[in-house]
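Student: Chain order of the listed sequences is A and B. Be aware that the first sequence starts at 1, since it is given in this note's numbering, and climbs by one per residue. Be aware that the second sequence starts at 1, since it is given in this note's numbering, and climbs by one per residue.
Each hint should be verified, as a subset may be incorrect.
As the list claims (entries may be wrong) - Reference excerpt, derived from the structure (chain B facing chain A, CB under 8 Å, subset only): (1) Leu31; (2) Phe49; (3) Trp52; (4) Ile83; (5) Val158; (6) Leu161; (7) Leu165; (8) Ile166; (9) Gln167; (10) Phe190; (11) Val209; (12) Ile283; (13) Leu320; (14) Met324; (15) Ile333; (16) Ala338.
Stated by the list, open to error - Pair by pair, the computed Cβ-Cβ distance ranges are: (17) A:Asn252 x B:Ala341: 41 to 49 Å; (18) A:Val175 x B:Ala341: 28 to 36 Å; (19) A:Val175 x B:Gly139: 47 to 55 Å; (20) B:Asp53 x A:Ile11: 19 to 27 Å; (21) B:Ala341 x A:Leu171: 55 to 63 Å.
Everything labelled a hint here was simulated from the structure, so no lab data went into it. Glycine included, every Cβ here is placed at the ideal spot set by N, Cα and C.
In case you want the letters, here they are:
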Amino acid sequence: MEAALDLIVPILAATLRVATPLILAALAGLFAERSGVVDVGLEGKMLAGAFAAAATAAVTGDVWLGLGAAILASSALALLHAFACVTLRGSQVVSGMAINVLAAGLTATLALAWFRQGGQTPALPPDGRFQPIALPGAQWIAEVPLLGRLVVGVLGGHTAPVYLALLLVPLAAFVLWRTRFGLRLRACGEAPGAVDAAGVSVAKLRYAGVMIAGLLCGTAGATISTAQGAAFSTDMTAGRGFIALAALILANWKPWPVLWTCLLFGLLDAVAIRLQGVPVPGLGVPFPVQAVQALPYILTVILLAGFVGRAVAPRAVGIPYVKER
Amino acid sequence: MTRPLPRWAELALLPLLNLVLAMAVSALVVLAAGQSPTAALHALAIGSFGSWDAIGFTLFYATNMAFAGLAVAIAFKAGLFNIGVEGQAAMAGLGIALVCLGLDASLPALLLLPLAILGSAAFGAAWGYVPGWLQARRGSHVVITTIMFNFIAASLMVYLLVNVLIQPGQMAPETRRFATGLAALSSFGFPGRSPANVTLILALLAAFVVWVLVWRTPWGYGLRVVGSNPEAARYAGIDEGRRIIVVMAISGALAAGIAVNEILGVHQKLILNFTGGAGFTGIAVALMGRNHPVGVLLAALLFGALAQGGSELAFEMPDLPRDMVVVVQGLIILFTGALGALLRAPLARVMARG
């Protein structure tokens, strides 16, 4: 039993850590796409956030200022996205891709020009990073046989963004399904004409959805560079924005399922790292880690194809709203 | 609704103005990086057109961009956004490798090379066909599936190169050199030492074929109807699904040109990430070129020059990495694509007055 815990606890703890930026980014996509604006630019906004957080924290030595800068940078890109998609009614996918390319270039260029360390920011001091927070009452909980160790080992000792992400899931569910704002936002994604007819501004609500996405992506980026890592390096988000998008689709654009799919992808990642180089029993060939890493994408394609279950996107997502005359 | 712009303004003036806008914002980024924009522009120009070598490299990169741009553009014509050019090109590289590794001992170069090119086109087409089929028959959005297919292709390539196709006793994840008997595809007598090769001529040929196919055949007419008015296409009895599937396969086959240019033209072996993001640049090329083969070729030359000038830029100005070129690309996608309406209305007003 103890041996099993030794194996399981670190994997589950890592799952939670790895899933955190995915949860934040997928919730970001949830708000944008529920309002009717496709967001393939999650990756770029996260990358901008990761750079802004690490750069600011490196200069000021304050992790919270870093988080603020990350949110600002990501929100600036979100504002651009909203302006292009809502005000100018441009192509939402093109705008998202432009943001991805722009963020990749900008962060690499500015990181090299400002810090001259080959595209990295300087390693962060302890105050420039999110530190682990001990679970209150951990020593008493740990006394409980088996379960105590599991709870403390898996849930305890994480950084602030991990707990924040876990809190944001019920909050997002409440805002989207239990408030007037949430109802109107979702209506914008399903039938914007009805929202307009009710005298509510579709444009304002879509701006709100996209800007909330900016806020959350910035937080996700800061998590990657100042909680999981201790500096920014070129292209450090490494496709997490697209994994988050996959998680959002698998979750059928709903907040609680978003948590489960992100945790599933986090688990896959945590397991894949441990299986690196481990031979498959009986075959003698190394375990195909890449197959595990590709699983989120394959699952998404299968679900989208409707072979298993059915992914139903918000009906009006991706279509610019034109007021009828 | 503002009045539509005259044709020449829509096709030439507007893209040019958007380009100027993108360059202006890029200059601000260069300033933010603490460097001189004029010096950067100078280094970019010399680096891309300053010598025969530079021009050769520019044309080499432009070949990639032309294939990528054509692949994106032809799908755009059917109203489809193919973000999967990167993955389709990678798979096409696998096609080349399988043909060459399997047959290079038994076939003469004159037979092997065309076969390898066909193999690459087949693999690229297959990787485009599946998202096309999923879109047409299962209603899965092609944007999302092609994004996912890029990552699936990347994982597959890493797996195959690390575990299966790797040269035994080698550390680097790459295949052995192909024994084609030729050093590489012929440089067709291009002056200077550059990797420019006959794939460039294939790109010009491909552009012509795309033009004929899309603008001069009934099939192409149907394709454009599907893209501009699916309702009308259905009413006219055009098989929308078939058009989508076939055009995605053609798009993937065009993406294979990147693999031919890089693998057969230069590397002579399959390596990881040989596409170098060309597939994504294809989006910018297609947008800038207004999805027309002539426009795509011109835009490809511009982006080829940016790619080559960018590496020289990093050499001349060590504090300005070649990623600066990626910024320019992003801004061009932004201004010509997403913010396309930004200048159109004011321009229409000015022209109506004048």
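Student: Against this structure, judge whether each hint is valid.
Tutor: Verification of the hints:
| no. | hint | result |
| --- | --- | --- |
| 1 | Leu31 | violated (10 Å) |
| 2 | Phe49 | violated (22 Å) |
| 3 | Trp52 | violated (29 Å) |
| 4 | Ile83 | holds (7 Å) |
| 5 | Val158 | holds (5 Å) |
| 6 | Leu161 | violated (10 Å) |
| 7 | Leu165 | violated (13 Å) |
| 8 | Ile166 | violated (12 Å) |
| 9 | Gln167 | violated (17 Å) |
| 10 | Phe190 | violated (30 Å) |
| 11 | Val209 | violated (26 Å) |
| 12 | Ile283 | holds (6 Å) |
| 13 | Leu320 | holds (7 Å) |
| 14 | Met324 | holds (5 Å) |
| 15 | Ile333 | holds (4 Å) |
| 16 | Ala338 | holds (3 Å) |
| 17 | A:Asn252 x B:Ala341: 41 to 49 Å | violated (33 Å) |
| 18 | A:Val175 x B:Ala341: 28 to 36 Å | holds (32 Å) |
| 19 | A:Val175 x B:Gly139: 47 to 55 Å | violated (30 Å) |
| 20 | B:Asp53 x A:Ile11: 19 to 27 Å | violated (53 Å) |
| 21 | B:Ala341 x A:Leu171: 55 to 63 Å | violated (36 Å) |
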